[in-house]
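Asker: Residue-level listing of the chains:
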Amino acid sequence: MLSCKDLLEELGNYLDDEVGVDLRRELEEHLAECRPCKVVADSARQTVKIVTGCRSFELPSKFSAKIMAKIRAAGPGRAGSGEEES
Amino acid sequence: MEPPKGTPPVDSPPLDAAPVPVEAVLRKDPDAPDVARAQTGDLEAFEALVKRHGRRVYRVLLGMTGNEADAEDGMQNTFVKAYQHIGEFHGDSKFSSWLTRIAMNEGLEILRRRRSKVQQSLVEWDAEDEERFRPRSIRPWEEDPERLYSRAEMREIVEKEIMKLPAKYRVVVMLRDLEQLDTQEAAAALGLNVATLKTRLLRGRLMLREALAPYFRQKSRRDGEAGHA
Chain A
1 MLSCKDLLEE
11 LGNYLDDEVG
21 VDLRRELEEH
31 LAECRPCKVV
41 ADSARQTVKI
51 VTGCRSFELP
61 SKFSAKIMAK
71 IRAAGPGRAG
81 SGEEES
Chain B
1001 MEPPKGTPPV
1011 DSPPLDAAPV
1021 PVEAVLRKDP
1031 DAPDVARAQT
1041 GDLEAFEALV
1051 KRHGRRVYRV
1061 LLGMTGNEAD
1071 AEDGMQNTFV
1081 KAYQHIGEFH
1091 GDSKFSSWLT
1101 RIAMNEGLEI
1111 LRRRRSKVQQ
1121 SLVEWDAEDE
1131 ERFRPRSIRP
1141 WEEDPERLYS
1151 RAEMREIVEK
1161 EIMKLPAKYR
1171 VVVMLRDLEQ
1181 LDTQEAAAAL
1191 GLNVATLKTR
1201 LLRGRLMLRE
1211 ALAPYFRQKS
1221 RRDGEAGHA
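In order, the protein sequences belong to chains A and B.
To convert, note that position 10 of the first sequence is 10 in this note's numbering; the numbers rise steadily by one, no gaps.
Take any residue in the second sequence, note its place counting from 1, add 1000, and you have its number in this note's numbering.
These are calculated hints, taken from the structure and not from any lab test.
Even glycine gets a Cβ: it sits at the ideal position worked out from N, Cα and C.
Please note: incorrect hints may appear among the correct ones.
[Stated by the list, open to error] 30 Å max Cα-Cα, derived BS3-like pairs, lysine-lysine:
#: 1; chain 1: A; residue 1: LYS38; chain 2: B; residue 2: LYS1219
#: 2; chain 1: B; residue 1: LYS1051; chain 2: B; residue 2: LYS1164
#: 3; chain 1: A; residue 1: LYS5; chain 2: B; residue 2: LYS1198
#: 4; chain 1: B; residue 1: LYS1028; chain 2: A; residue 2: LYS38
#: 5; chain 1: B; residue 1: LYS1028; chain 2: B; residue 2: LYS1198
[Stated by the list, open to error] To be clear about the criterion: a stretch of chain A counts as covered by chain B if any three or more of its residues have a C-beta under 8 Å from a C-beta of chain B, and this derived list gives those stretches:
#: 6; region: 18-31
#: 7; region: 55-69
Using the sequences plus the hints, can you model the full thing?
Answerer: Now the structure itself:
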């Protein structure tokens, strides 16, 4: 059976569903027997779900208008010239 | 295609990234039509790229600098440089990866300019990952922690705790779990090999788990805070 250390090393791959069938079975056997590891794995999965779902750090307002104004102010585009402008 | 000249190298290229034929990258890159138009000076096409990738660029820079004003300035500089150098982009990688590398260089430049913190920030950025992280909080969380707080409160909690992470973990968490890039793409964008990306991601997630635990763990139990593994 895998140790807690083994489980922690594979936890990232397990959360991202990047483990093979055999390793997954071994990890889940360990989790069924080890309550602390089960708590860590479950709450790590919840952490990912919370971060993914909360839409944090959205863009500042009117960001694209500001950027395009800066590009226009810098003069005609040098696209394709390969030269440094600033 | 390398990022524009005059910007510092980000990191060594991914060690385990297999070479991909240029034609294959171009075929698979959804940005290719807008990039081709922007390369002729079409600002509308470039603006479409700005809108499509602005959030990722902002998050990379916010992740690296930990400062909203720096991230916004860096985002503007990133897109100005990308426009000025778009003629040098030949599709050797996806446009989004090329753009992210420019943002990374811009972020490193911002860190270098911060004289008071430069030593700490750059040393931290390049440092080897410390040894295995040991989880401490082992009290179960509530079944459905998202119901404990309003959407706005959740966002505030997550933003506050993510910003406390060290930059090298924060930026990886932001690209993988907020932007939802896959492992290969995030590694390529950050100039890290896949193994390093995975190590930093797990470390960042576990550190964030510790930080979020006081908000979400079950309140009724008093056991299980002695640490584990």
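Asker: Measure nothing beyond the straight line between the CA atoms of LYS1028 (chain B) and LYS38 (chain A); if it is 30 Å or shorter, mark the hint as holding.
Answerer: This hinted pair is violated, its Cα atoms lying about 39 Å apart.
Asker: Given the hinted pair LYS1051 (chain B) and LYS1164 (chain B), is their Cα-Cα distance within 30 Å?
Answerer: Given pair LYS1051 (chain B), LYS1164 (chain B) holds - Cα atoms ~28 Å apart, limit 30 Å.
Asker: Can you confirm whether the C-alpha distance between LYS5 (chain A) and LYS1198 (chain B) stays at or below 30 Å?
Answerer: holds, 16 Å
Asker: For the region 18-31 of chain A, do three or more residues have a beta carbon lying closer than 8 Å to a beta carbon of chain B?
Answerer: Our answer is that it is violated, as 1 residues pass the Cβ test (under 8 Å) against chain B, missing three.
Asker: Go check the region 55-69 of chain A versus chain B for me, would you? Three or more residues, Cβ under 8 Å, otherwise it fails.
Answerer: It holds: at least three residues are needed, and the region 55-69 of chain A offers 11 whose Cβ sits within less than 8 Å of chain B.
Asker: Just to be careful, I want the Cα atoms of LYS1028 (chain B) and LYS1198 (chain B) compared with a cutoff of 30 Å; is the pair within it?
Answerer: Status holds; Cα separation ~25 Å.
Asker: When you check the alpha-carbon spacing of LYS38 (chain A) and LYS1219 (chain B), does it fall within 30 Å?
Answerer: holds, 18 Å
Hint violations for this structure: numbers 4 and 6, all remaining hints satisfied.
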